[in-house]
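> Going down the list, the protein sequences come from chains W and L. So the first sequence is residues 101 to 418, counted in this note's numbering. So the second sequence is residues 7 to 289, counted in this note's numbering.
No lab work stands behind these hints: they were computed from the structure. Warning: the hint list may mix true and false statements.
[What the hints assert, rightly or not] List time: in silico BS3-like cross-link candidates among lysine-lysine, alpha-carbon distance up to 27 Å:
hint, chain 1, residue 1, chain 2, residue 2
1, W, 121, L, 107
2, W, 121, L, 199
3, L, 232, L, 59
4, W, 121, L, 16
5, L, 107, W, 407
6, L, 18, W, 323
7, L, 59, W, 322
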Amino acid sequence: MNPANRQPDRAKSQHGDSAFKWLTLAMALVIFVLIGLIGFELLRGAQVSMHKFGWRFLVSSDWDPVNDVYGALPAIFGTVVSSLIALIIAVPISVATAVYLTELAPQWLRQPLIMFIELLAAVPSVILGLWGIFVMVPFLRDPVFPFLQKYLGFLPLFKGPTYIGSSMLAGGIIVAIMIIPIITSVSREILRSVPGLQREAAYALGATRWEVTRIAVLSYAKKGLFGAVILGLGRALGETMAVTMVIGNSSQIVASLFAPANTLASVIASEFNEATGPIYPSALFELGLVLLGVTVLVNILAQLLLKTFAGPSVKPQH
Amino acid sequence: MTVSNHNWRKFKNAFMQTLTFVCAILVVLPLVLVFYHLVKEGFSALNWNFFTKLPKAVGEHGGGMVNAIAGTFILLLQAAIFGVPIGVLGGVYLSEYGGSKLNWWIRFAADILNGVPSITWGVVVYGLLVVPMHGPSALAGGIVLGMMMIPLVMRTTEEVLQLVPGGYREAAMALGIAKWKTTVQIVIRTALKGIVTGVLLALSRVAGETAPLIFTAFGNLGWAHKLTEPIAAMPLLIFNYAISPYDDWHRQAWAGAFVLLMLVLAINVGVRFLTRDRFKQKA
């Protein structure tokens, strides 16, 4: 190749270079476009309802399609309570499992268990919901709910009829099953990122395995584990299909966990296709907006906790 | 330190070891139970008709969900066409170009997008496409799944590109090869297996998504002849059959769920073999 035609060649590849760079940049920026689009569409769809009900929408407990009056409180209540139930069940189990997998389990058992947990994370929500309807809810109806009522019936949480089955508690349990894999795998990443020196120092003091875990690992990883839990909460708040299938879809605020309820996501999923007129769909859009706001805030908190805990070494979980 | 204290500590150690083991079993239990019931209820309801016939009306025996199986693949194809190029090229930018500040924000935004509830995506695309197009369509269903894939694919692509040793890039640079050629022909090609893995995992995740499809793809008891018509999908049909009061439909739902889970798990397990290979080469 002589120098004469090398020149335009290089110029061409420089053009190619900057074109390629701008192309990839544009694709990366699509992320922001998507975020803008989500916010814009929800706000636009919710206009009518926001205009009509104002802030009352958030505190009113009427959800009455017949009279076209809507309030989000029962759905917000159901979302919060079912997520709390899910966290109460999922957090101890997930963190304990993560501890077992990183600190206590024999080597040969770790990889198979991790694979099982990743597969559980891959089970589609609708399949878990199907299993929930036909296996879990009948099992809860009898014997679990009567058993709980017999021994804990003095609490308002466990009062009321037990024969319905599809209930707040069923919803909470199914959400727990859905968030356990994510809390477990993020917690595992966190525990793995605890420096080995921490452990060795504790072993050198003559600590047993569990003492090492408690003193050197868990207390060190506290903040990161909290981030994992908050990330799980974000998923729990937005979990849709499985919850819609087992929670009973009833717009009410009652203390009993045996009673049907609904969540922000389940109301949208089960009512959107039937919503007619200008106001009803708009109210559902506004539920979506509330849900988006809450989950985004929770997720931001989780990401900040995880990022400040371990820097780039902890991989994001999807 | 007394002997009894020592024994107490040893006991506590064994106790916690057992307790955490029991928790691990509790985590795995639902998967085993779901799998057991799917095989028991679903496998027995599977037959040739299931894969070749259209759904039957209520009360008529037999029928299948060939249209929903095809529909799921059509939706996934559209999602891949829409989501993969954007995701992969965006991932290339994050890994190969860009200031660290902008990249931090893009990564952060992608992680937040991954946490957006799937039902929200459905509502958004309803407002964006279904209302202007005067009805649900296969196109809207494909696009919503594609949108959900973008942040997933972008993050995994970036991750695997960063695993490509810097020496490869430097060697190409020393030969005077343009950066974009280096990126496409050397960096991406080296990491291709990892990128494909990420894309397949993202596909397997959106394959089971139901919530975003309820108001976009909507479902269809027959065939969709155009992309502007509503289309059937396996998760949608499973959902509709499961909440129906008919035993026949419940059996179909179990069979559909069995097939869908097999598809999703096959991708997940298959991908694991792909990546295991990669780690072996490294070691």
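> Confirm or reject each hint.
Hint-by-hint comparison with the structure:
1. Of the supplied pair hints, the one linking residue 121 of chain W and residue 107 of chain L holds, its CA atoms being roughly 17 Å apart against a limit of 27 Å.
2. Of the supplied pair hints, the one linking residue 121 of chain W and residue 199 of chain L holds, its CA atoms being roughly 23 Å apart against a limit of 27 Å.
3. With a C-alpha separation of about 20 Å, the suggested pairing of residue 232 of chain L with residue 59 of chain L holds against the 27 Å cut-off.
4. With a C-alpha separation of about 60 Å, the suggested pairing of residue 121 of chain W with residue 16 of chain L is violated against the 27 Å cut-off.
5. Between residue 107 of chain L and residue 407 of chain W, the direct Cα distance comes to roughly 14 Å. Compliance with the 27 Å bound is thereby established for this hinted pair.
6. For the hint pairing residue 18 of chain L with residue 323 of chain W, the CA-to-CA distance comes to about 25 Å; that is within 27 Å, so the pair holds.
7. Taken as a hint, the residue 59 of chain L and residue 322 of chain W pair is broken in the structure, with Cα atoms around 55 Å apart against an allowance of 27 Å.
Taken one by one, the earlier hints fail for this structure at numbers 4 and 7, listed in ascending order.
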